[in-house]
Every structure is written in structure tokens, then in C-alpha cells.
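Modelling step: build the complete structure from the supplied sequences, incorporating the hints.
There are 2 protein chains.
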Amino acid sequence: VARILITSGPTRQYLDPVRYLSNASSGRMGRGLASAALAAGHDVTVVSGPVALDYPPSAAVINVTTTDEMLVAAAEHFPHHDGLIGVAAPCDYRPVVVAHDKIRKTGKPLVLELVETPDIVSTLGQSKRPDQWIVGFALETSDARFRAITKLQSKFCDIMVVNGPAAIDAHVTTVELLDSSGQWLATLEGSKDDVSRQIVRLIDERLVGTP
Amino acid sequence: VARILITSGPTRQYLDPVRYLSNASSGRMGRGLASAALAAGHDVTVVSGPVALDYPPSAAVINVTTTDEMLVAAAEHFPHHDGLIGVAAPCDYRPVVVAHDKIRKTGKPLVLELVETPDIVSTLGQSKRPDQWIVGFALETSDARFRAITKLQSKFCDIMVVNGPAAIDAHVTTVELLDSSGQWLATLEGSKDDVSRQIVRLIDERLVGTP
Chain A
1 VARILITSGP TRQYLDPVRY LSNASSGRMG RGLASAALAA GHDVTVVSGP VALDYPPSAA
61 VINVTTTDEM LVAAAEHFPH HDGLIGVAAP CDYRPVVVAH DKIRKTGKPL VLELVETPDI
121 VSTLGQSKRP DQWIVGFALE TSDARFRAIT KLQSKFCDIM VVNGPAAIDA HVTTVELLDS
181 SGQWLATLEG SKDDVSRQIV RLIDERLVGT P
Chain B
1 VARILITSGP TRQYLDPVRY LSNASSGRMG RGLASAALAA GHDVTVVSGP VALDYPPSAA
61 VINVTTTDEM LVAAAEHFPH HDGLIGVAAP CDYRPVVVAH DKIRKTGKPL VLELVETPDI
121 VSTLGQSKRP DQWIVGFALE TSDARFRAIT KLQSKFCDIM VVNGPAAIDA HVTTVELLDS
181 SGQWLATLEG SKDDVSRQIV RLIDERLVGT P
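Residue numbers (the working numbering), protein chains in the order written: chain A, 1 to 211; chain B, 1 to 211.
One or more of the hints may lead you astray.
Derived EDC-like pairs: lysine to aspartate or glutamate, alpha-carbon spacing no greater than 16 Å straight-line [unchecked claim]: (1) B/108 / A/143; (2) B/151 / B/189; (3) A/102 / B/189; (4) B/102 / A/43.
Computed far set for chain B versus chain A, every beta-carbon distance over 10 Å [unchecked claim]: (5) 12; (6) 23; (7) 146; (8) 180; (9) 183; (10) 202.
Now the stretches of chain A that chain B is said to cover, found in silico as 3 or more residues with beta-carbon under 8 Å [to be verified]: (11) 82-96; (12) 99-109; (13) 140-152; (14) 193-200.
Hints are computed from structural coordinates only; laboratory data are not their basis.
Remember, it's a predicted structure, so these values are computed and weren't measured experimentally.
By construction, the Cβ of each residue, glycine as well, lies at the ideal position given by its N, Cα and C atoms.
Written out as C-alpha cells, the structure reads:
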């Protein structure tokens, strides 16, 4: 039995009280992984951005809105877990200035200066203990293999799951798994619940209980 | 019996294949108004941005993603309707450049140039026939009354419904209604379904069948 922390869903970065930057991540893959991990007998904590779905009742769920909030919650809980599955799609840019009132339309262009938010998986990866493991997700639209290997290394992941934009807000997905030596482990395809069960099986075989 | 067109939910404006600008509009008020209008015997067409809820089965629903798509669909259907309820929260800025591939993080700030999208209610208002009516919605965070009167006039609305940011993604709401002469008609409070029924009753009394 492992204690597994899962980040799931999108985050939002507000420009003003109404408008925000985000993405269409639904939380479905996070819910699938939470269910599969629970079914395999693990304890599960989910840190989730705003989603329209419900996580399994036996998962502990922490709701957040922004990337900073997700990082704070994940960093607080990671030390008490054996592994992290970072399947969230945190908003990775935030506006430098957040307007207190709704920005008024003037008919003129609006220039928005954005800065990068901290990378959650990489930040937790830097502090992970030798007995902890991390499974990251990379969504790539080009050069997927090369970029995924780079991300796997820079984010200190033991397994990197690579998918494409077709996975966002979809019910089915195709993912490729890369191990920490840069070898392709598997290609998995099917419903997000099916793929989740296969990912948890691979985590069980390769990471759980093997410090 | 009137044929009522309802725009509902948010729209999205993509920066790249993954990231977008949007807002937290849930479509709940649009669903409430569709249900109330159907219950009052009207025919209802809904043009909706991406939402996680289902509209009543007897409404004709057209799904769109961007503000331009919402405008095109609404402009196509408005001539065949007696009135428009513009309760959608369309994204009113869009990036000038949409990246074909996912924008790569470089560690440096990202400057995003945004331009205004066309205003859907105002565009339809300019072309409305004397026998057609428009109910607009204004979400204000300050100077609500002054700004709402200005919007009512510039968008050619017969009634303007004014609410605040607390209404977004909420189950309850408080709205104030302004008629075309700039007089406050009513303050309505309650669940979005209750408030919707009261708004439809006011529309029936003041707009339906009174060209």
C-alpha cells in the first residue's frame, strides 16, 4: 500500500475579477488515476483545480484555483506521501498585474505581460526523498519524444507519461510512457479509466515499494 | 408564444492549442432562462459556449467555442426569433497571434497582445427589427448603475439585467433590471432558476407580443 498524491485538473490565473487564463483540462485522467489507485489498495490525496466532476469519495480532495495554490497544497502534502502523479495541467503563465476591477473595453489593443508560474512537478522533484517517486505528464504538440525526455530529466521524474492535445477534455486517450533512463516503456490506448488502470499497474510494478 | 434566442455560457479565445482566455461562466443562468421560457410556452434556441451542464432537451442547442463562432451562430438565428436574451459571457479579448504549437516556456516574460472581439448583443442590436426585442446582461464590478445605462443604450437593449461577479459560477444570484428608459424595474434575488422565472415573467409582460 502506497500513499499517492495526485495533482489534477487545470488551474486559473486571473487578469481581473472575471477573466482568466486556463486550459480545457477536465480532471478526468486525475479521477481515473485516483479510482485506479484506490482500487489497487493505495491511499489517495488529490489536489485539484476547478473541475466539473467528482473525485472518488474515498480520496482526500483539496480544491485550489491558481498554480501557486496548487504548489503550496502539493508541497505541504508531498512529504507525507510515497509518490506523486502530476497529471494536472497548471496554468504556466500568470499576468504580472491583476486588475482589481473588471478591465474596461476601450476599443484599443490590450497588452498583457505574463510571467511563468513555478513548475509544480519540478519543484517537488527537487525536494523528493530517495524513497519517493514521481510520475509526470507532458502534453506535447511537436517533437514529443525529445521534449518529453528533457522534461523527464529537468523535473526529476521516474516515469513520464506523454500525450497530445487530443487528450484534453476527451474521454479516450493515447499515451506513451518513458522510464527514467529515457526508454519507452509502453504505449497505452483506451478510455481514460482503462489507461489509468494500466498506468497504476506499471507504477505498482516499477515504483511502489522499490526505493 | 415567442421564439426566443438565448446566448449562454463563456467562450474561449486560444493563445495556442492548449491555453486560452475565458471566464467562469457556468451556463446555469442560461439553462434557467431556457427552462423558464419553455415552461412559459415559448420556443427556445440556445447558442452556448463550452459548459459542463445540459440544457433542457426541448431547447435547440448550438455549441460554439469562440466569440466569433457565437456571433456567427447568433446572427444566423436571430432573424428567425422574436427576441434575444444575451446572458452569455463571451470572452471579449482575443490574442492577435494564435500560436500553431504550444508556446514553450523560456523563463522570460511573455507579452500577449489582445484585441477586442466583436460585441454580440450590440451587433445584433444594430440589426434588430422593430418587432424584435433584446434583453442584455451586464456584469459590473463598480459604478454598476451608470455603466449599465450606458451599455443598455449602446447595445440597443429593451431590458438590461445587471449583476456582479458573485453571480459567476454560483447557484444563487441577485440582479437588477433596467428598462430602456433607464428606470429600475426590479431587484430579483434567489436561485438562478427562481430569478430566471421572474425575468421571463417580466419579459412576457413587457416585451412579448408588444412590438
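Output the numbers, in ascending order, of every earlier hint that fails for this structure. 1, 2, 3, 4, 5, 6 and 14
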